[in-house]
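Colleague: The lines below spell out each chain.
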Amino acid sequence: MVYNKNIPPKLAKRLLHWFIRDDLAEEVLGDLEERFYQDKTEKSSFRARLNYWCQVLNYLRPFAIRKSTSFAAMNYGMYRSHLKIGYRNLLRHKWYSLITIGGLAVGMGICLTIFQYIHFELSYDNFHKNSRDTYRITIDKTQNGGNLINPFTTYGMGPGGKETIPEIRRYVRFLQAGIKVVTPNLDISEPFNEEFLIMHLVDTTFLDVFNFPLKLGNKESVFDEKFNIVITEKIAHKYFGTNNPIGKTLKLLGGGAVEEGNYKVSGLLENPPLNSHLQFDFLLSLENSYTDVTDSYKNREAWEQDLFVTYISIDGSADSKPIGKKLDQLIAEYRGSENISEKVVLQPITDIHLKSSALSGDIVTNKGSIRDVRIYFIVAISILIMAWVNYINLSTVRSIRRAKEVGVRKTIGAFRKQLIGQFMIESVLDHLIAATLSVVIASLALPVLSHILGKELTLSFLQIPIFWMWFFIIIVLGLLLSGLYPAFILSSFKPISMLGANSTGQVGNASLRRGLIVFQFLISLLLIAGTYLVYKQVTFMKNQELGIDMEKILVVKGPRINLGTDVKSIVPAFRTALARHSSISDIASSHSVPGKGYNGADFRKLGDPVSKNQHGRMVPASLNFPETYDLKFLAGSSFTEDISNRESYIIINEEAVRVFGLGTPEKAVGETLIRIKGIDVLRPYKVIGVVKNFNWNSLREKHMPYLFIFSPDEDNYFSFKVNLAHIQESLANIEKTYMSFFPGKAFDYFFLEDEFNDQYRAEVRFGKLFSAFGLLAIFIACIGLFSLVSFSVTFRKKEIGVRKVFGASIGSIMVLLFREFLLLLIIAIFLALPTILIGANSWLEQYAFRIGVGFDLFLFPAFVLALISLLTIGHQTYCSAKANPVDALKSE
Amino acid sequence: MKETRLGEFEEIILLLVGILEDGAYAFKIAEEFESQTGKSVSIGATHSTLDRLCKKGFLTSELGKPTAVRGGRRKRIYTISASGQEALTASKKLRISLWNQYPAFAKFAFIA
Numbered sequence: 001m002v003y004n005k006n007i008p009p010k011l012a013k014r015l016l017h018w019f020i021r022d023d024l025a026e027e028v029l030g031d032l033e034e035r036f037y038q039d040k041t042e043k044s045s046f047r048a049r050l051n052y053w054c055q056v057l058n059y060l061r062p063f064a065i066r067k068s069t070s071f072a073a074m075n076y077g078m079y080r081s082h083l084k085i086g087y088r089n090l091l092r093h094k095w096y097s098l099i100t101i102g103g104l105a106v107g108m109g110i111c112l113t114i115f116q117y118i119h120f121e122l123s124y125d126n127f128h129k130n131s132r133d134t135y136r137i138t139i140d141k142t143q144n145g146g147n148l149i150n151p152f153t154t155y156g157m158g159p160g161g162k163e164t165i166p167e168i169r170r171y172v173r174f175l176q177a178g179i180k181v182v183t184p185n186l187d188i189s190e191p192f193n194e195e196f197l198i199m200h201l202v203d204t205t206f207l208d209v210f211n212f213p214l215k216l217g218n219k220e221s222v223f224d225e226k227f228n229i230v231i232t233e234k235i236a237h238k239y240f241g242t243n244n245p246i247g248k249t250l251k252l253l254g255g256g257a258v259e260e261g262n263y264k265v266s267g268l269l270e271n272p273p274l275n276s277h278l279q280f281d282f283l284l285s286l287e288n289s290y291t292d293v294t295d296s297y298k299n300r301e302a303w304e305q306d307l308f309v310t311y312i313s314i315d316g317s318a319d320s321k322p323i324g325k326k327l328d329q330l331i332a333e334y335r336g337s338e339n340i341s342e343k344v345v346l347q348p349i350t351d352i353h354l355k356s357s358a359l360s361g362d363i364v365t366n367k368g369s370i371r372d373v374r375i376y377f378i379v380a381i382s383i384l385i386m387a388w389v390n391y392i393n394l395s396t397v398r399s400i401r402r403a404k405e406v407g408v409r410k411t412i413g414a415f416r417k418q419l420i421g422q423f424m425i426e427s428v429l430d431h432l433i434a435a436t437l438s439v440v441i442a443s444l445a446l447p448v449l450s451h452i453l454g455k456e457l458t459l460s461f462l463q464i465p466i467f468w469m470w471f472f473i474i475i476v477l478g479l480l481l482s483g484l485y486p487a488f489i490l491s492s493f494k495p496i497s498m499l500g501a502n503s504t505g506q507v508g509n510a511s512l513r514r515g516l517i518v519f520q521f522l523i524s525l526l527l528i529a530g531t532y533l534v535y536k537q538v539t540f541m542k543n544q545e546l547g548i549d550m551e552k553i554l555v556v557k558g559p560r561i562n563l564g565t566d567v568k569s570i571v572p573a574f575r576t577a578l579a580r581h582s583s584i585s586d587i588a589s590s591h592s593v594p595g596k597g598y599n600g601a602d603f604r605k606l607g608d609p610v611s612k613n614q615h616g617r618m619v620p621a622s623l624n625f626p627e628t629y630d631l632k633f634l635a636g637s638s639f640t641e642d643i644s645n646r647e648s649y650i651i652i653n654e655e656a657v658r659v660f661g662l663g664t665p666e667k668a669v670g671e672t673l674i675r676i677k678g679i680d681v682l683r684p685y686k687v688i689g690v691v692k693n694f695n696w697n698s699l700r701e702k703h704m705p706y707l708f709i710f711s712p713d714e715d716n717y718f719s720f721k722v723n724l725a726h727i728q729e730s731l732a733n734i735e736k737t738y739m740s741f742f743p744g745k746a747f748d749y750f751f752l753e754d755e756f757n758d759q760y761r762a763e764v765r766f767g768k769l770f771s772a773f774g775l776l777a778i779f780i781a782c783i784g785l786f787s788l789v790s791f792s793v794t795f796r797k798k799e800i801g802v803r804k805v806f807g808a809s810i811g812s813i814m815v816l817l818f819r820e821f822l823l824l825l826i827i828a829i830f831l832a833l834p835t836i837l838i839g840a841n842s843w844l845e846q847y848a849f850r851i852g853v854g855f856d857l858f859l860f861p862a863f864v865l866a867l868i869s870l871l872t873i874g875h876q877t878y879c880s881a882k883a884n885p886v887d888a889l890k891s892e
Numbered sequence: 001m002k003e004t005r006l007g008e009f010e011e012i013i014l015l016l017v018g019i020l021e022d023g024a025y026a027f028k029i030a031e032e033f034e035s036q037t038g039k040s041v042s043i044g045a046t047h048s049t050l051d052r053l054c055k056k057g058f059l060t061s062e063l064g065k066p067t068a069v070r071g072g073r074r075k076r077i078y079t080i081s082a083s084g085q086e087a088l089t090a091s092k093k094l095r096i097s098l099w100n101q102y103p104a105f106a107k108f109a110f111i112a
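As they're listed, the protein sequences go chains A and B.
Residues in the first sequence are numbered from 1 upward in steps of one, following our numbering.
Residues in the second sequence are numbered from 1 upward in steps of one, following our numbering.
Pulled out of the complex, with its shape left as it was, chain A reads as follows:
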């Protein structure tokens, strides 16, 4: 630092200035300076400077220190007076206060609610003690240019990894059990159709890797026996009420990976927390039940089927990247293939909930999306800022009313600082009331939000410290951002202009206020556009021609038990029995129905090399299936009754023709596709028909290769094309026949179109939330607009009066007043354009079938906002335009 040695140290001087009483400053500085120059002549300049510092510090004495003006002036009585005046002002302008505080409270409340939701979404799987060191193995698989990421690995992956990689401490594998019917009490109770409950086969390490507390049962031995089953409290309550479930017997039917039979309840788990990505109802022992692979992981069979979801917990100090590499080597060693590249990606357990959207399959349902969380966060912040902006605008408008008061206060001798203090106190008052209300609003809004989201967010957020932290931050930030500006504006008035007769000076910075209104318009426009976009896309998807006729389809779930060899006769007989009924025009049975999944398998054209294997989607279906669903044939024909050779004939779609390289639909008929079942097992299928492309799943997905395999006795789903006019009659008939064929089994049915559209639940939910936020944003923006209009109208009262005297009509004056706001709206629209364009396109990208981004996307929100704005300000402008000019002009 460069400094002049010959003058007293500046910093010391500044320090002295800062603390010394104003009336002493001159003489003291003089004395010290005199001393300094004397020292400098007698001693070194360094000593002089040092001494100066000492002298300055020596002035830190009670008599010399400045009494802080705010401290001195704003004593208790003054604070009380400010509070009292603030309170009186609140009561005096009830409507105004309601609007100010209400807007603020709504903004803060919504923000808190959304934060609560975000907090919940981000808290997934944090409750596991080792959540930082627990990973899920996902496989990034590239084959013939196609790329899939999924969490399914082989049987050998877990044990192989643990054995060869020392950093892997534990592993636990999950296998979906596929049990469909559970009978809790063998003697008396009815079977439960539980195909939607979740049953997993797991390794015994399950309870070590995860923190799911065991309520009853021995932690060491719950999975010891093959016929042991662990259930959750929810299930225990459903089956056994309040009785102790340990030792009770459950009969499981319905096949899958689990042997049917009687299982003994060996453990009771607490229900998995809501913020756990793993949700389950039953757990069975994997080692004991899964018998397809008998030996160690080195066995070749252990690396064949990708069925298992494997979690590993690694050493706390280890890095996950090298472990992934080592697992890659393991795959290469045991199932390496030239055509397929498989890379292990270790996914932290805390990422699974929000960052799994790239996965093509999963055992996790109800996944979250980090993108949605981000959007909600931005929306929350925008709404909060809108509320603050409003507060700023309204407070500045209020200042006109308080101008005289400020003038009088200043004349009497109030300092500016005191006035700022006073108006800050009023802001604090407003903010505190709003904050209190916002907690109430948040408590009311949370159940609504959880209803829309289908998640049970609880009200316990009041107990979470982080909530209060947010709450505090919002209040303080709000005060700083929205309280300071009006306080400065108010206190800056010149008393003379405020007390003079023509106190029409401009208050504050008008362009800032307009800018803030433009900002509010902008946010409102974006939210309206978002709502409109989601609504349009969902409507489009629901009305899109799918290539499958679903309108009249009633689907009855099959009995979901293993019918054994009887299935070959019972299923066709059941169909025949119902086909006779007049209200049913078509009937088919299949393994799956649209919107309910498919079986993935690899196929290639007969004669092609192995490297040409491609993934296809396989749906075993019976006679009449294409007719029931109105699939349009391009070539070949449908299944016929004289096909005797089971599971050897297929009907494929155009996409399959393309993917497997069969040329044209006409050429494809008669070709043979080979399905790769295991490593050495191949199965040929002859193509007998080609149908037009259709959408089996939601329109998010592009057309995929589908293959309907002829299988006459599928009993998973029965599809009926019915006459909707006689639906009751048909239903009764179907139920009666069903019961006679499958006595004692649950009769479940649904209308396909409803189920199918259920796939768009996420979009509908998103749309609902957006419209709710949009409404709130518009509400807050309207308040802002209202305030600005009342402001402008008050200021231009005289102008309007003069104009009227000179003959202006009510209409022309209204146009004059509207013009200003329309201009702001137009600016907002232009600013919103690029954001809407980019946002809409990136959102629509996830849909293979999507609407185009048209002009209506801008025009609709603009029109809505313009209409609402005009309604908001219409009354006020009309009143002021109609007012008698005499009233406006006589006051001077």
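These are calculated hints, taken from the structure and not from any lab test.
Possibly wrong hints are sitting among the right ones.
What the hints assert, rightly or not - Lysine-lysine pairs mimicking DSS-like chemistry, simulated, CA-CA at most 25 Å apart: (1) A:798 with A:404; (2) A:417 with A:404; (3) B:65 with A:40; (4) A:702 with A:141; (5) A:5 with A:43; (6) A:605 with A:552; (7) A:552 with A:692; (8) A:43 with B:39; (9) B:92 with A:13; (10) A:40 with B:39; (11) A:5 with A:40; (12) A:568 with A:417.
Take the given structure of chain A and dock chain B to it, following the hints.
Modeller: Just chain B, lined up with the frame of chain A:
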């Protein structure tokens, strides 16, 4: 109740104010104190005492003329007030009376 006693330091400062007459301002007084007593004192401490003596009514003060060496700043000149004069006299009397009553020092007796 107004404090009217004189402490030792106060008394010396008061006397110095009297000695320096027109040149009695904080810096000079502190300097004079140092040269007369050989003890060092900060201007702040001196100033604080002067301030206290003013409050007790023993001193009056007014701002003097600006001088160049002070960067054109004025100085506060202190003058002993009547009651200051009185307090000094009372203090002196007390001491003399005490001195005179001390036999060993009788030969040094002062005449009041």
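Colleague: Evaluate each hint against the coordinates.
Modeller: For each hint, the structure was consulted:
As the CA atoms of residue 798 of chain A and residue 404 of chain A are separated by approximately 19 Å, the hinted pair is consistent with the 25 Å bound. Using a Cα cut-off of 25 Å, the hinted pair residue 417 of chain A and residue 404 of chain A holds, with the two alpha carbons roughly 18 Å apart. Distance restraint check for residue 65 of chain B and residue 40 of chain A: the Cα-Cα separation of roughly 24 Å lies within the 25 Å cut-off, and the hinted pair is therefore satisfied. A hinted pair counts as satisfied when its Cα atoms are at most 25 Å apart, and residue 702 of chain A with residue 141 of chain A qualifies at roughly 20 Å.
Under the criterion of a C-alpha separation no larger than 25 Å, the hint pairing residue 5 of chain A with residue 43 of chain A is consistent with the structure, at around 13 Å. With a C-alpha separation of about 36 Å, the suggested pair residue 605 of chain A and residue 552 of chain A falls outside the 25 Å cut-off, and the hint is violated. The hinted pair formed by residue 552 of chain A and residue 692 of chain A meets the criterion: a straight-line CA distance of about 20 Å does not exceed 25 Å. For the hint linking residue 43 of chain A to residue 39 of chain B, the alpha-carbon distance of about 18 Å falls within 25 Å, and the restraint holds.
In summary, the hint linking residue 92 of chain B to residue 13 of chain A is not supported, as the alpha carbons are separated by about 41 Å, beyond the 25 Å threshold. Taking the CA atoms of residue 40 of chain A and residue 39 of chain B, the gap is about 20 Å. The hint holds against a cut of 25 Å. Of the supplied pair hints, the one linking residue 5 of chain A and residue 40 of chain A holds, its CA atoms being roughly 10 Å apart against a limit of 25 Å. Straight-line distance between C-alpha atoms of residue 568 of chain A and residue 417 of chain A comes to about 92 Å, which puts the hinted pair past the 25 Å bound.
Comparing the model with each numbered hint stated earlier shows that hints 6, 9 and 12 do not hold.
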